[in-house]
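Given the coordinates of chain A, work out where chain B should sit on it, guided by the hints.
As given, the protein sequences belong to chains A and B, one line each in that order. Mapping of the first sequence onto this note's numbering: position 23 corresponds to residue 23, and the numbering continues sequentially without gaps. Position in the second sequence counted from 1, then plus 1000, gives you this note's numbering.
No lab work stands behind these hints: they were computed from the structure. In this text, all values refer to a predicted model and were calculated from it rather than measured experimentally. Hints should not be assumed to be uniformly reliable.
Stated by the list, open to error - Label pairs and their calculated CB-CB ranges:
#: 1; chain 1: B; residue 1: E1064; chain 2: A; residue 2: A71; range: 40 to 50 Å
#: 2; chain 1: B; residue 1: T1059; chain 2: A; residue 2: K4; range: 16 to 26 Å
#: 3; chain 1: A; residue 1: A3; chain 2: B; residue 2: W1080; range: 24 to 34 Å
#: 4; chain 1: B; residue 1: R1068; chain 2: A; residue 2: M51; range: 24 to 34 Å
#: 5; chain 1: A; residue 1: A65; chain 2: B; residue 2: E1078; range: 40 to 50 Å
#: 6; chain 1: B; residue 1: K1081; chain 2: A; residue 2: W28; range: 47 to 57 Å
Cβ coordinates follow ideal geometry from the N, Cα and C atoms, glycine included.
Number of protein chains: 2
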Amino acid sequence: MTAKRFCQRAFLKPEKIDEYRRLHAAVWPEVLKTIKDCNLQNYSISILGDMVVAYFEYTGDDYEADMRKMAADPVTVEWWKHTKPCFVRHDEKVYYEDMEEIFYV
Amino acid sequence: MTAKRFCQRAFLKPEKIDEYRRLHAAVWPEVLKTIKDCNLQNYSISILGDMVVAYFEYTGDDYEADMRKMAADPVTVEWWKHTKPCFVRHDEKVYYEDMEEIFYV
Chain A
1 MTAKRFCQRA FLKPEKIDEY RRLHAAVWPE VLKTIKDCNL QNYSISILGD
51 MVVAYFEYTG DDYEADMRKM AADPVTVEWW KHTKPCFVRH DEKVYYEDME
101 EIFYV
Chain B
1001 MTAKRFCQRA FLKPEKIDEY RRLHAAVWPE VLKTIKDCNL QNYSISILGD
1051 MVVAYFEYTG DDYEADMRKM AADPVTVEWW KHTKPCFVRH DEKVYYEDME
1101 EIFYV
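Next up, chain A with everything else stripped away, as it sits in the complex:
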């Protein structure tokens, strides 16, 4: 497999954890379709307390271009209007931080 793995961390506002969980129990089908169209696979989101970790694999060959494509999808933009306010730093540009992979087997 030639996928590039991503592991990202973010923090939720304590009062928004339930809402974030509820949103992700029923993600809009168009959002799921866009994820696939943008070459992301094996995408999971996990939480522990107020911490969120997203893990996914990118199978395309231009990650930045696919991320721009995702950010140009009107349904995804609408979805983010619901999810981004759940994060502590939602009004900054970066709310997920990339982690550094130090081991893989």
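Quick look at chain B alone, frame taken from chain A:
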């Protein structure tokens, strides 16, 4: 794929981050073999500051038994003598905490 995904979080002692990174740049071959023999795949470890996230997929049908098998492997036990002291809570039983998956596609 019928694999069960695991996402786990732990914290390193600040003065041990470099050592933990160095250890994982050259994991002993026997440790890698045991990981595979215990039905773990697509195993990555990522760090951000003092936080560590392990992601892996379990493809067997008795996770507890395979974890006991891993803990009975002498080389893995020796390896853990190097890695466990890097963690903040290394002298407690649990140094990695399971996160809860709330989304998967």
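A quick look at each hint next to the structure:
A hinted range of 40 to 50 Å for the beta carbons of B:E1064 and A:A71 is consistent with their spacing of about 43 Å. Against the hinted window of 16 to 26 Å, the Cβ-Cβ separation of B:T1059 and A:K4 comes to about 22 Å, which satisfies the hint. A beta carbon spacing of about 29 Å between A:A3 and B:W1080 agrees with the range 24 to 34 Å that was offered as a hint. Look at B:R1068 against A:M51: about 29 Å separates their beta carbons, and that is inside 24 to 34 Å.
For the hinted restraint 40 to 50 Å between A:A65 and B:E1078, the CB-CB distance of approximately 46 Å keeps it satisfied. Under the hint 47 to 57 Å, the C-beta atoms of B:K1081 and A:W28, about 48 Å apart, fit the expected range.
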